[in-house]
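A.B. asks: Keeping their order, the protein sequence lines are chains H and X.
Counting in our numbering, the first sequence runs without a single skipped number right up to 282 at its last residue.
Counting in our numbering, the second sequence runs without a single skipped number right up to 352 at its last residue.
Derived from the structure by calculation, the hints contain no laboratory data.
Do not take every clue at face value.
[Said to hold, decoys possible] Looking from chain X toward chain H, a few residues come up when the C-beta cut is under 8 Å (computed):
1. P90
2. Q92
3. Y185
[To be verified] Ranges between beta-carbon positions, derived for each pair:
4. E347/X <-> R104/H: 53 to 61 Å
5. D138/H <-> E222/X: 46 to 54 Å
6. M107/X <-> T106/H: 30 to 38 Å
7. L190/H <-> Y108/X: 50 to 58 Å
8. S341/X <-> N75/H: 39 to 47 Å
9. E222/X <-> L190/H: 55 to 63 Å
10. N337/X <-> S73/H: 45 to 53 Å
11. L190/H <-> N18/X: 48 to 56 Å
12. K309/X <-> N75/H: 53 to 61 Å
13. E295/X <-> T78/H: 22 to 30 Å
14. T42/X <-> T106/H: 50 to 58 Å
15. M118/X <-> D138/H: 54 to 62 Å
16. T42/X <-> S107/H: 28 to 36 Å
17. M118/X <-> S73/H: 36 to 44 Å
We put the beta carbon where it would ideally sit given N, CA and C, even for glycine.
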Amino acid sequence: MKRNELLLAVALAAVVAGGTVLLPPVVGAQTEPGVPVEFVETSDGFDSPTGGGWDDVQTSTLPLSSAGADVPSANDVTVEELQVASVRTDERIYVRTSWADPTRDTSDSTVREFDDNVAIQLPSDSDEQPPIAMGSSDNPVNVWYWSGSGNSEELLAGGPGSTTPFEESQLRTEQEYADGRWFVVFSRPLDPDSSFALLPGSDDSSRTTIPRDDADLDVAVAVWNGSNMEVAGQKSASQWHRLAVSSGPPAYERFLWVIAGVAIVLTTIVTIEGVRRTRGDE
Amino acid sequence: MSSHTDSSQTVDLAEGVNHQVAMVMDLNKCIGCQTCTIACKTNWTDSGGREYMYWNNVETKPGAGYPRDWEELGGGWDDEGEERTPGELPEQEDYGAPWDFNHEQIMYEGSDEPLRPMDDAADWAPNWDEDEGAGEYPNSYYFYLPRICNHCTHPSCVEACPRSALYKREEDGIVLVDQDRCRGYRYCVEGCPYKKVYYNAMKKKSEKCIFCYPRIEGEGPEGEVRGPACAEDCPPQLRMVGYLDDEQGPIHKLVNEYEVAVRLHPEFRTEPNVYYIPPFAPPKHTQDGESTDEERIPREYLEELFGPKVNDALDTINRERQRVRNGGESELMELLNSDRSEKYRLEVFDEA
Chain H
1 MKRNELLLAV ALAAVVAGGT VLLPPVVGAQ TEPGVPVEFV ETSDGFDSPT GGGWDDVQTS
61 TLPLSSAGAD VPSANDVTVE ELQVASVRTD ERIYVRTSWA DPTRDTSDST VREFDDNVAI
121 QLPSDSDEQP PIAMGSSDNP VNVWYWSGSG NSEELLAGGP GSTTPFEESQ LRTEQEYADG
181 RWFVVFSRPL DPDSSFALLP GSDDSSRTTI PRDDADLDVA VAVWNGSNME VAGQKSASQW
241 HRLAVSSGPP AYERFLWVIA GVAIVLTTIV TIEGVRRTRG DE
Chain X
1 MSSHTDSSQT VDLAEGVNHQ VAMVMDLNKC IGCQTCTIAC KTNWTDSGGR EYMYWNNVET
61 KPGAGYPRDW EELGGGWDDE GEERTPGELP EQEDYGAPWD FNHEQIMYEG SDEPLRPMDD
121 AADWAPNWDE DEGAGEYPNS YYFYLPRICN HCTHPSCVEA CPRSALYKRE EDGIVLVDQD
181 RCRGYRYCVE GCPYKKVYYN AMKKKSEKCI FCYPRIEGEG PEGEVRGPAC AEDCPPQLRM
241 VGYLDDEQGP IHKLVNEYEV AVRLHPEFRT EPNVYYIPPF APPKHTQDGE STDEERIPRE
301 YLEELFGPKV NDALDTINRE RQRVRNGGES ELMELLNSDR SEKYRLEVFD EA
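The task is simple: from the sequences and hints, build the whole structure.
C.D. replies: Structure follows, in structure tokens:
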């Protein structure tokens, strides 16, 4: 093998190795629009809205506008966008929402007080896309609902005005308010626990299962600003977006792909060189 | 609307309602003692986030009422009675808030002052303006106005709820809040022009007068059918309770035949099923104490409260009263002066 051929082989191996490391995320970002859900080995750093794990997770900005519901002052809403980031472990999905709200409203203890709220809407059946306004009776939605006064609820809805809490919520929420922004982390097991039925003893197929392997799930969000007396259908809501749930790859898999790529290139070059020498000997 | 018809009368009921409970309150008999208020409160609203609520209240008119200036807060329907006109939520202070007393000073700081409210304890409360009324001496005037939920035929609170948590009971038209469906949005609170739906911040749900339905179903004291506690406990027995479509009952006669029982603020167009016999007062006096022909309570004010029908109501009562004074007989006067046994007709539609 001549020196320049050796250099070419090394360069090729470097391109393959680099491509193996760099291309999947780039390609993924192009083919998984909406909100990517990265796989992480552990929930460390993701339980809390200010956990360090979130620093390395891609954040998506979802535009919001009035949901246009049939309630008074439906168009009088104040929040224009919401940021979402998400990861999953083998067991749970974590979704961090964040939005600007200069007023921190955590009480609804008098008749004119309303607290801040945020909600995440998912189809009950992950293969379906229900009507954006709370689904429909034959195509319902799950709603993960957080309120500033400290409650979180897991809800089922089959159209406007039909929201019903699941008997026991499997949802966990953590919130933080800093510098005029709310940060709220939702987490829930990927697989709903069938013992947490909407009605005791009933089949609980209406609770959303989060897919595990490269799969998309529709997601929508809504925000209420308590200071503006936003409640019910008077809310800033998004359209449907894609929650792109990733199966990985974990870091060690990438490392193996690098080794495999380099080995393939080197084997190819060695084979070519061998053939060439064999011909030269003739 | 559905209707019950005989040869002479038609009673309009809400769609899907078999019968309609109703109440007639004779304002000429109210002494403002608040026994009705306490009867209601001890039955239904003495704890659990209901402390500030008075499902039954008695307010002085003219006056700001409870909650303060409720008549100015909107709600109800437009002039055609088709589109709801959203109202405003009252301020919590307008309902009145618990007062701070000098417990700290007496209990821990050794003060020998009597127990009393702090100086800044309140500047408003229910009946803050009790007995103030209006007019100038010697012709000042006021009267008491007891109020409960009107269990309207066309209730704007029911229309206001995006979750259909409020509904009229099929059997008797009582308006109730389904506590399982309510999520505390409070559209009903702003939507009721009488401000007779209340927000329970502890439960995060709306609540209201239930017309003591367990009592009228026979689940009250001694397992007997009783009228609502506010009516039964009233010392002067100023309330009649029954069904609007009970055409043999006194309520139907007072409302539909003699038309002397009128609705409060009919312009809200919710079609209340609580009716009022309008108040009379002695005529105006001169400075020398001589009676004049001029009415003490201005008709314009009564029209503001009860609409133009109040004029015919007052005229009819005057005419019938004069008939009795002249030695004649009057069924209307007998109805208005009936004894307790005739004031409650609640079992007329019970299945045999």
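A.B. asks: Hints first: check each against the structure and report whether it holds.
C.D. replies: Here's how the hints hold up against the structure:
no.	hint	result
1	P90	holds (6 Å)
2	Q92	holds (4 Å)
3	Y185	holds (4 Å)
4	E347/X <-> R104/H: 53 to 61 Å	holds (56 Å)
5	D138/H <-> E222/X: 46 to 54 Å	holds (50 Å)
6	M107/X <-> T106/H: 30 to 38 Å	holds (32 Å)
7	L190/H <-> Y108/X: 50 to 58 Å	holds (56 Å)
8	S341/X <-> N75/H: 39 to 47 Å	violated (57 Å)
9	E222/X <-> L190/H: 55 to 63 Å	holds (58 Å)
10	N337/X <-> S73/H: 45 to 53 Å	holds (50 Å)
11	L190/H <-> N18/X: 48 to 56 Å	holds (51 Å)
12	K309/X <-> N75/H: 53 to 61 Å	violated (39 Å)
13	E295/X <-> T78/H: 22 to 30 Å	violated (53 Å)
14	T42/X <-> T106/H: 50 to 58 Å	violated (34 Å)
15	M118/X <-> D138/H: 54 to 62 Å	holds (60 Å)
16	T42/X <-> S107/H: 28 to 36 Å	holds (29 Å)
17	M118/X <-> S73/H: 36 to 44 Å	holds (38 Å)
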